[in-house]
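Participant: Here is what each chain is made of, one letter per residue.
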Amino acid sequence: MSQQILEGLAAIVNEVAGVPVADVQLDKSFIDDLDIDSLSMVEVVIAAEDKWGVKIPDSEVKNLKTVGDAVTFISANS
Amino acid sequence: MARQVVITGLGMTTPVGGDVETTWRAILAGEPGIVCIDEPWTHDQPSKIAGIMAVDPAGCLEPHEARKLDRSQQAALVAAREAWADAGAPAIDPDRLGAVVATGIGGLISLINSYDLLLERGASRISPHMVTMIMPNGSAAQVGLEIGARAGVHTPVSACASGAEAVSYAARMIQEGRADVVVAGGTEAVIHPVTMAGFAAMRALSTRNDDPAAASRPYDIDRDGFVMGEGAGIMVLESAEFAAARGAKIYGVYGGSGLTSDGHHIAQPDPKGRGAARAITEALDDAGVSVSDIVHINAHATSTPQGDIAESAAIVAALGSHTDNVAVTGTKSMTGHLLGGAGAVESIFTVLALRDRLVPPTANLHNLDPQINLDIVAGAPRPLPAGDLAALNNSFGFGGHDVALVFRSA
Chain G
1 MSQQILEGLA
11 AIVNEVAGVP
21 VADVQLDKSF
31 IDDLDIDSLS
41 MVEVVIAAED
51 KWGVKIPDSE
61 VKNLKTVGDA
71 VTFISANS
Chain E
1 MARQVVITGL
11 GMTTPVGGDV
21 ETTWRAILAG
31 EPGIVCIDEP
41 WTHDQPSKIA
51 GIMAVDPAGC
61 LEPHEARKLD
71 RSQQAALVAA
81 REAWADAGAP
91 AIDPDRLGAV
101 VATGIGGLIS
111 LINSYDLLLE
121 RGASRISPHM
131 VTMIMPNGSA
141 AQVGLEIGAR
151 AGVHTPVSAC
161 ASGAEAVSYA
171 ARMIQEGRAD
181 VVVAGGTEAV
191 IHPVTMAGFA
201 AMRALSTRND
211 DPAAASRPYD
221 IDRDGFVMGE
231 GAGIMVLESA
241 EFAAARGAKI
251 YGVYGGSGLT
261 SDGHHIAQPD
271 PKGRGAARAI
281 TEALDDAGVS
291 VSDIVHINAH
301 ATSTPQGDIA
311 ESAAIVAALG
321 SHTDNVAVTG
331 TKSMTGHLLG
341 GAGAVESIFT
351 VLALRDRLVP
361 PTANLHNLDP
371 QINLDIVAGA
381 PRPLPAGDLA
391 ALNNSFGFGG
401 HDVALVFRSA
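These protein sequence lines map, in sequence, to chains G and E.
Be aware that the first sequence starts at 1, since it is given in my numbering, and climbs by one per residue.
Be aware that the second sequence starts at 1, since it is given in my numbering, and climbs by one per residue.
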């Protein structure tokens with residue numbers, strides 16, 4: 001499950017920000033490692049909500065610092 | 001004495017080509033890029049034809065870039081990258097580098113698409129990039145970011161004169177010492193059922209739907225309106241000292257500009273072309289050239305019945321008896337009307353005509369309107385003489401904006 005979410009998230013990050021799929025790893029920080037700005041992060045959240053049918057509130061987005069944080073949240077809430 | 005400004009890089013994407021070389025070859029060959037709009041929404045449109053960009057600008061960008069940009073911004077970025085590379089990507093202090101990119105309308109299609117999405121899927125699905133995609137200064141800002149411009153990023157908005165106003169504004173930034181290099185031009189991409197219906201409601205568009213390539217026919221007695229186009233033109237302007245110091249290739253010299261207003265009507269041209277004539281005269285004064293120095297005019301020439309006549313009157317009023325010695329062309333006969341992109345694209349055509357000493361023909365001119373008292377180049381390109389030459393580019397816009405630019409050979 002987590003592996004599938006990681007792959008799905010990598011595809012979204014690639015589409016939104018042009019980051020190579022292989023660079024999107026669990027320990028990578030969206031801001032510091034993948035250079036995702038706050039606007040692009042909103043795009044990632046919208047796409048993830050659509051893909052997995054989850055709701056990711058703004059209050060939660062700030063806690064999703066790494067790709068792993070996002071995978072954990074999505075697998076726990078989808 | 002104002003600092004001299006030279007042109008060192010060119011870029012464009014138009015209905016006849018995805019770059020400068022392809023576009024210029026088509027323009028010299030007199031090949032129109034007007035096509036039928038292949039969309040179901042044209043069924044109730046009076047005008048079903050347009051000059052659609054020959055190369056989709058989104059395909060020239062990375063997907064993650066294209067998704068954050070309105071189509072007009074995509075075109076501007078594609079043209080700016082071409083121009084910047086063509087200029088040799090000058091090494092310059094960013095504080096001395098500017099960007100001036102005009103648009104007549106801005107990111108209208110992105111706004112309409114966002115509204116459609118809002119109705120369909122709700123507020124939470126609107127892109128966080130929507131605001132920067134629709135703001136009129138978006139193209140200038142994106143081009144400025146691309147090159148790292150910090151001397152100033154600006155967006156003149158004067159309808160179909162916008163692109164020419166951008167060139168003037170950029171040149172003045174250099175003349176006034178605010179910048180040494182400015183990337184300048186105009187862009188537009190608003191082919192959409194709403195805009196087409198709106199311009200058609202003004203009775204401004206050609207309805208020659210059965211023969212698109214022949215629809216834009218400036219000065220021809222059978223012209224019936226302009227043809228909507230889209231695209232962008234960008235040039236790199238530099239102070240002559242800076243260009244010389246880095247050994248830059250020089251396409252031509254920016255001479256001067258004249259900017260006036262009709263004070264006549266919101267959309268109709270002054271039939272006597274008084275504002276336009278004053279713009280031409282002011283541009284000549286600003287450039288320090290005399291009427292007899294002008295050998296060529298790339299006219300605004302949109303192919304509307306009244307506009308072409310008013311411009312003819314303006315040229316005759318400004319140039320007097322010298323008018324007969326000037327080779328005039330209307331390149332919108334091939335590109336259609338790029339609105340905010342037009343003045344920039346046609347400035348580039350003017351510079352290239354002086355460089356190649358070849359005035360492109362006006363396509364589709366078969367029967368000259370007797371009310372046009374100009375020497376229109378048609379059929380084939382016309383050679384220009386050797387020596388120092390000067391030429392004019394005219395651009396006018398709804399709202400009564402009149403902009404004339406003078407360029408000189410390198």
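Worth flagging that the hints you see were computed from the coordinates, not collected in a lab.
As the structure is a prediction and not an experimental result, all values here were calculated from the model.
There's no promise every hint is true.
Stretches of chain E that chain G covers, calculated by requiring three or more beta carbons in the stretch to come under 8 Å of a beta carbon on chain G [said to hold, decoys possible]:
hint, segment
1, 120–133
2, 187–195
Now the in silico label distances, taken between C-beta atoms and shown as ranges [what the hints assert, rightly or not]:
hint, chain 1, residue 1, chain 2, residue 2, range
3, G, G8, E, D356, 19 to 29 Å
4, G, K55, E, L117, 16 to 26 Å
5, G, D50, E, A244, 33 to 43 Å
Even for Gly, the Cβ is constructed at its ideal location relative to N, Cα and C.
Participant: Taking the hints in turn, state whether each one holds.
Facilitator: To see whether the hints hold, each was checked on the structure:
1. 120–133: Check passed, 5 qualifying residues.
2. 187–195: violated (count 0)
3. G8(G) x D356(E): 19 to 29 Å: 54 Å, violated
4. K55(G) x L117(E): 16 to 26 Å: The hint (16 to 26 Å, Cβ to Cβ) holds, given that K55(G) and L117(E) are roughly 19 Å apart.
5. D50(G) x A244(E): 33 to 43 Å: Roughly 56 Å apart at Cβ, these two residues miss the hinted range, so it is violated.
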